[in-house]
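**Student:** The lines below spell out each chain.
Protein chains: 6
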Amino acid sequence: MSIVTFGEVMMRLSPPGVERFAQTDTLTMHFGGTEANVAVSLAQFGLSATHVTRFPDHALGRAASGYLRRYGVQTQHVRHGDGRMGLYFLETGAGSRASQIVYDRIDSAFARIRPGEVDWEHILQGSPGAPVRWFHWTGITPALSQGAADCLLDGIQTANRLGIPVSGDIVYRSNLWQYGRTPQEIMPALTEGCTLILGGKALFSEIYGVVGSTFIEAGRAMIDRFPRLRYVTDTKRTSISASHNQLSAKLFDGEQVYKSRVYTMQPIVDRIGTGDAYMAGLIYGLLEFNDSQRAVEFGAAASALKHTIPGDVNLATVAEVETLANGDESGRLKR
Amino acid sequence: MSIVTFGEVMMRLSPPGVERFAQTDTLTMHFGGTEANVAVSLAQFGLSATHVTRFPDHALGRAASGYLRRYGVQTQHVRHGDGRMGLYFLETGAGSRASQIVYDRIDSAFARIRPGEVDWEHILQGSPGAPVRWFHWTGITPALSQGAADCLLDGIQTANRLGIPVSGDIVYRSNLWQYGRTPQEIMPALTEGCTLILGGKALFSEIYGVVGSTFIEAGRAMIDRFPRLRYVTDTKRTSISASHNQLSAKLFDGEQVYKSRVYTMQPIVDRIGTGDAYMAGLIYGLLEFNDSQRAVEFGAAASALKHTIPGDVNLATVAEVETLANGDESGRLKR
Amino acid sequence: MSIVTFGEVMMRLSPPGVERFAQTDTLTMHFGGTEANVAVSLAQFGLSATHVTRFPDHALGRAASGYLRRYGVQTQHVRHGDGRMGLYFLETGAGSRASQIVYDRIDSAFARIRPGEVDWEHILQGSPGAPVRWFHWTGITPALSQGAADCLLDGIQTANRLGIPVSGDIVYRSNLWQYGRTPQEIMPALTEGCTLILGGKALFSEIYGVVGSTFIEAGRAMIDRFPRLRYVTDTKRTSISASHNQLSAKLFDGEQVYKSRVYTMQPIVDRIGTGDAYMAGLIYGLLEFNDSQRAVEFGAAASALKHTIPGDVNLATVAEVETLANGDESGRLKR
Amino acid sequence: MSIVTFGEVMMRLSPPGVERFAQTDTLTMHFGGTEANVAVSLAQFGLSATHVTRFPDHALGRAASGYLRRYGVQTQHVRHGDGRMGLYFLETGAGSRASQIVYDRIDSAFARIRPGEVDWEHILQGSPGAPVRWFHWTGITPALSQGAADCLLDGIQTANRLGIPVSGDIVYRSNLWQYGRTPQEIMPALTEGCTLILGGKALFSEIYGVVGSTFIEAGRAMIDRFPRLRYVTDTKRTSISASHNQLSAKLFDGEQVYKSRVYTMQPIVDRIGTGDAYMAGLIYGLLEFNDSQRAVEFGAAASALKHTIPGDVNLATVAEVETLANGDESGRLKR
Amino acid sequence: MSIVTFGEVMMRLSPPGVERFAQTDTLTMHFGGTEANVAVSLAQFGLSATHVTRFPDHALGRAASGYLRRYGVQTQHVRHGDGRMGLYFLETGAGSRASQIVYDRIDSAFARIRPGEVDWEHILQGSPGAPVRWFHWTGITPALSQGAADCLLDGIQTANRLGIPVSGDIVYRSNLWQYGRTPQEIMPALTEGCTLILGGKALFSEIYGVVGSTFIEAGRAMIDRFPRLRYVTDTKRTSISASHNQLSAKLFDGEQVYKSRVYTMQPIVDRIGTGDAYMAGLIYGLLEFNDSQRAVEFGAAASALKHTIPGDVNLATVAEVETLANGDESGRLKR
Amino acid sequence: MSIVTFGEVMMRLSPPGVERFAQTDTLTMHFGGTEANVAVSLAQFGLSATHVTRFPDHALGRAASGYLRRYGVQTQHVRHGDGRMGLYFLETGAGSRASQIVYDRIDSAFARIRPGEVDWEHILQGSPGAPVRWFHWTGITPALSQGAADCLLDGIQTANRLGIPVSGDIVYRSNLWQYGRTPQEIMPALTEGCTLILGGKALFSEIYGVVGSTFIEAGRAMIDRFPRLRYVTDTKRTSISASHNQLSAKLFDGEQVYKSRVYTMQPIVDRIGTGDAYMAGLIYGLLEFNDSQRAVEFGAAASALKHTIPGDVNLATVAEVETLANGDESGRLKR
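Sequences listed follow chains R, C, Y, E, W and G, in order.
Here full-length UniProt numbering is used: position 323 in the first sequence is 323, and no number is missing along the way.
Here full-length UniProt numbering is used: position 66 in the second sequence is 66, and no number is missing along the way.
Here full-length UniProt numbering is used: position 108 in the third sequence is 108, and no number is missing along the way.
Here full-length UniProt numbering is used: position 309 in the fourth sequence is 309, and no number is missing along the way.
Here full-length UniProt numbering is used: position 176 in the fifth sequence is 176, and no number is missing along the way.
Here full-length UniProt numbering is used: position 165 in the sixth sequence is 165, and no number is missing along the way.
To be clear, the hints were calculated from the coordinates, so they are not data collected in a lab.
Hints may be right or wrong, so weigh each one.
Treat identical chains as interchangeable: a pair holds within one or across any two.
Unchecked claim - The calculated DSSO-like cross-link candidates involving lysine-lysine, where the alpha carbons are at most 27 Å apart (straight line), are:
#, residue 1, residue 2
1, Lys236, Lys334
2, Lys250, Lys334
3, Lys236, Lys250
Isolated chain R (complex conformation):
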């Protein structure tokens, strides 16, 4: 069973530990992107995961591909071409000091992608032994360029045609969307193709004009509006400090809402990619468990574990997630 994700992967550069840029001479290099993070998680869970993206055709692009492969993601459909490597600079906080990100992704090789470059038909058919069972995208991609938005729409529609479920993380970053279109113009067509979306009522209202006074009401309105849509999900985070958070998740299937337990994360090793870890856990749960309650719990536990792992990607195994999802937070040494 195989899943496909599509989106930009950036080089992430951060000072060691909790140092600041002004005081360090060494940077730790990771790679990450919200969709690729989902792919890595699912590869760690044992699924076949393929990420589709576009990298510059030089040493940094090759390093990025190697990073994805190291963590089990297949890169044979990665495109290489002109344009920069997208970058982001992360300063990790602690206690009352927040983490901070400086993005530097303008005009990246990914943003220059053109629809014709990706042969979605071929990719989404998968291989004989590993048919594609899921396609995942997020609201970052259509915010980057018209080419990226078009290419994504092409992918979603191909998936729809092939009967592959599609999930979308309806994230909205207002400082992106620089190429002349608005999310209100672009997102609805993309959301049309989705089986599952991650988002909350404020977002539904802002982007789609879909209004509901509660998560359930707003979710039901979205399901009404988008006929393919079967699931709406969201997470809730309480931030006590940069080192101490709580997290829970809920999943609405049009009829019933399933809620996870509340997880405590203390200390927080790395906050980045924890939403993607939830998404990956939920997708895994929906594909493997046939039990919505268990799926949302698995997703929330996966997200909680990601907080203990350096980098953007969740390297937790199914066994580790299940231990936590089953309520064992003791962290007892395993020999």
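Position chains C, Y, E, W and G against the provided structure of chain R, taking the given hints into account.
**Tutor:** Then chains C, Y, E, W and G, alone, in the frame of chain R:
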């Protein structure tokens, strides 16, 4: 607007993380000194800050100057000459294990300073665009040598003559004061020149024989004793463990006492220089806000943030301090 | 005064900080073994400590000996010969993610030890200025090979003959014991020689068939069964997360039970070797204090402090342990 | 076009730089094995490369797979099972101090491989778009266990059946071959299947009893003895110091001998895997160039470049190798 | 005495030692730019050096300023604004493997500079105690954007008006110059203002159409063409390998040519910025020595020393350069 | 067989690799001292070595003792007391840039030693199994303080009384000798007790007024002047660059001169302690070989190998030294 500080800067050597000296082969090198720490903080806040000190005339002295400049402090008035680089060795603790310091500062280049070496008149006049608006010293300096005490007195009196406000941190370390004089003999003349002092009632009694049963009473007695004195301030720390402290501050202006909120620091990344961060924050607040309550809150928040930053010096920005001073301890990621 | 310990020492390899093996290119190298950890602790407390083991006769064996000597343990009775260096791979967890160990110790140079190789008579007599006052072993050693079990029995019996007190940590790891014998066959003869054992009622029942419904009852039954036995001790750990534990200890002398306070460890820097740190603290207390209450408190405080120290071995000093045993958990900076 | 390699991959642990084990607390972790090194090189050159091996089913085995994937090698045919991770410990020398290796590979997961475990028919057929065009093995594999030797023979015979060329590096390490068979018994049947072998006249005489007074004579005698054999190749190294070597290669095709230029390597960054880099370069040349002289030159240049790259595997690109093979040793900065 | 330089400063990111991007997880961060490198060198030689540039108004820009200040360069005239931090990625080679650079400087904050932003009149007047005595630029700056070219011309003309000597490094990188103008259009007006230029006859011909069959002839033709020009200089590098180069320099004053000795650099620690180190050394020599032969020798020795120093900037002192310029290449330990 | 050495041990702090103090934030910590370096070398060669010194009674002193023990030196006779840890700061050069040392050893715990503190009689008798067979000192010790000189004289005279051979390295550093005495006053009495000295004719003339126009003549004159003296030895170094030296040694026994081969060291990893490595090799050779030619060759080869080892101390083994002394400089990999 420019401020001037005066005092020894030491090389600080510590094992990485929470390792002990007995088990490490690598040391992290910082530089710090209670007065220079104040200068760095104020430079980070955007003021022009000049530190006056004396370094040995070799590679280590040049490295120390470079460290101060990197963090925005001007070093054109640093003297270079004979004598050693003062050093301190820090082992950082965690949980129930305390941090420990071994000082090695005897006979440093700074301790060999002589009054004639520093042209206070020139330094404290500042430059046309950046007149000096504050001078800061601490009780460490007069404890090091007669020369340092004399040179400091010269500086304070020059500041007084030029109408520049002076702050003193009345810290007393009994294992210093090895050169034959006592703080009781030396400190009063220095305190004469102060507008603001940092200290508590035990210290006021021990050093000046000024007695009061509460902070307010003792503060009022100090203000009575020293005519220039307008503010007395102090911090209060509760130590739950080496990784978990609470801190608050208060400021008395002879009439009213202004108290900050109580800040929780967990985890503590680096405890050193947190008092200096308070002092810098308070000075900044008094210079910029014309609001004593806001100034003491800004100082306490600055000190709380310093606990999250490796090294002696506070690299927090005004925006970060204000976020915390305004009550947002959530440490939420800033994109 | 001198103590002797006997057992395998392994090279411990772990990713830096809380990284996972899948994501690191660098490993931190320590050495440790439950009995040698006790020796290092006692050497840090100022006793003369000698560890007896067997290392491969190549660069890794020499590095291991050097590690023990660095921390004050004497290695003149270490044997060198054929066989591998025993290894273990440790992934350190945090929060809700547990630490994990992969052992790789099969067929180590230590497992190949033969009784004739160790001249116990000579070793346990010590030197004129430093007579041996204690011998310590654990249940790991007889689990490794018949040769190790025989050699240990020889050592215990020699100690008994020379009137040297013997302590045994009755740890049972079911995935060891691969050489064809069971702990039920081997352990009783070894326990015969003990003055003090560390273990709980479940273990006493499983290994010796000695039953008691409480720690005291089971301890009394053990003391009845083994005439040399004077003390039974155990620790109790509550695991809130991998970064937050609580620990207490109790000691039963056949008449009275002595309980330590409950210590909170947060954050936990390194969980490995904390039981050994307790054992070393207790042995030190029994040898030095002539006060069972103080001994068990010293042991528990030593164990608590070990949680703050990277590596298997406890590098806390007597003064640090006593500060904590006397109730000061504040971790206040020591200048 | 795709190539397949088969053999053990070990974790390689070495002190940073040129430190010795006795003085380091940190080890650098790489993975390598003579056959997998060839696969990585060919993947860097742009071919599709698949390595077949067997890893332990725990975190270290997963890390090893990730390492291969990072450098472009496909691992979908890697087996996981019982047994240890093979290890080797490398101390890198400099100048007059030689590098030293301690092997620790006994009873590895690979040595426990059984012929039935590998489905050679499936693997060597490759996929529609990427038919297998080469199979490579070395004399290390049959030296490890009967199972490894049997499994290898199965692979070679399958390749022969499918018409896939086979290369063998006839390396002989006398301290391996511990399982009761000799290379004289095992190697001839494996060599039967080869198109190309790497070795010299001393080895041909010792293992096969094939004698010749020169490389050409001995090579011709091997080609006479083994009907499939078309090429015999060897390298020649002059060791001026651990930091300064010279290297050349020659290839004999039964009629003519092709010699490379003599390459100077100074300084040498990492000597390990340089023979494998030659082999990979030669295979690439034979597959791509249809020009034996150019192929041997490409191989020798690839080997020379490997001396500048840390780790076992050659990360040089085709463009870099060609620059050097074309005679440009200037190392001029490329912007 | 003070000098002023103007140009872009980039963040330089490189793997540790001679690792490749594909194999590292850590990058070393330096900052550098050909003109700022000259400023740092001159600051190390004891002159007052001010660099004018434009940085993004976030943490990376502040880190870049701090880097310059650390090495003694004054940054009070640095502008902050929109645009990215220019970056370059450097992979350091060794032996026969060349170093490689990937530039990522498009649309940097510096490229967005506008002439009005820099108050050249104010900057080039210097301060009373430190009048400006030299202005330096290179051909990189006008290649970046029309704004940068205009701003530079403004600076050169202001320097001319104030009688400050100007030096220009006539470097030409054809992959820059993307904004629609050619060096043939832009460079002559800039060169008009120069007292000294660094370049060779090929460049003089290509950019200015000034032809000469030897360095002297071409230099004389340049001096004829540009009336302000008094000196033409160039270096000559022989590249034996990436770790072993030879370098010499020559200076022509319209009448006589002064040649330095030939310096051998082996090993080469860092090749970047060695041309800038020559320029700085030459400027220092011309300002301080009144002896052209000594100046060119000082420049060449400075450049040779730079090859031993990590980073873009030369941290050699005057004493070190003079030792080498005087012929002592022995590298004998100084206690 | 056991040897004893006496002298100061300093903490050595140096930037990583060839960085400069001005650019690093991390220091590598070693410990070393000319006499202790000899002890470590001899311990690596398998002899029992005891170093006598005096350390401050805090964490740094304990770390220093641990360092010596790690490398096999016995520290039971180390004294602990007041005074500082002696330090030195080393910047390692390369190519044409020389290494530089800043000493900071004034008023160290060692310099405060008093003769009564060391029980030479007890120490030099050794233990029953390990009688002392050699005592080594250098001219650094009497240069530090009157107490150190007195204590050393006491040690030499005790050794003489017990019939133990004594070697002295007659090194003269003019910037030491600050306590009011000259080497001309102090050294002769110390040299009286020597069997072997290391030094050259210039030194013999300057310190003892013993003149000879060649090494042999001057050596013979020294042997005439000091009746116990049997051997005079010296090394000769040619410094091509900081990375490339040549070294040879000679030994004169009053009748014949024995010369080693000339060793080439390229690259040089660490130059410090190479003279001490020679001394240790020579002492080992004289004690073990009964062959002066072989002894001087062993010493020179040991010194050559030390140039490849980071830190002050030589970690080469007897086998490694003999390989090189026997003429194998090839540095060929040892599996």
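**Student:** None of the hints should be skipped; say for each whether it holds.
**Tutor:** Hint-by-hint comparison with the structure:
1. Lys236 with Lys334: The answer is between: 17 Å across copies meets 27 Å, while 30 Å in one copy does not.
2. Lys250 with Lys334: Between copies, since 25 Å is at most 27 Å while 30 Å is not.
3. Lys236 with Lys250: within (8 Å within a copy, 37 Å between copies)
Comparing the model with each earlier hint shows no violations; every hint is respected.
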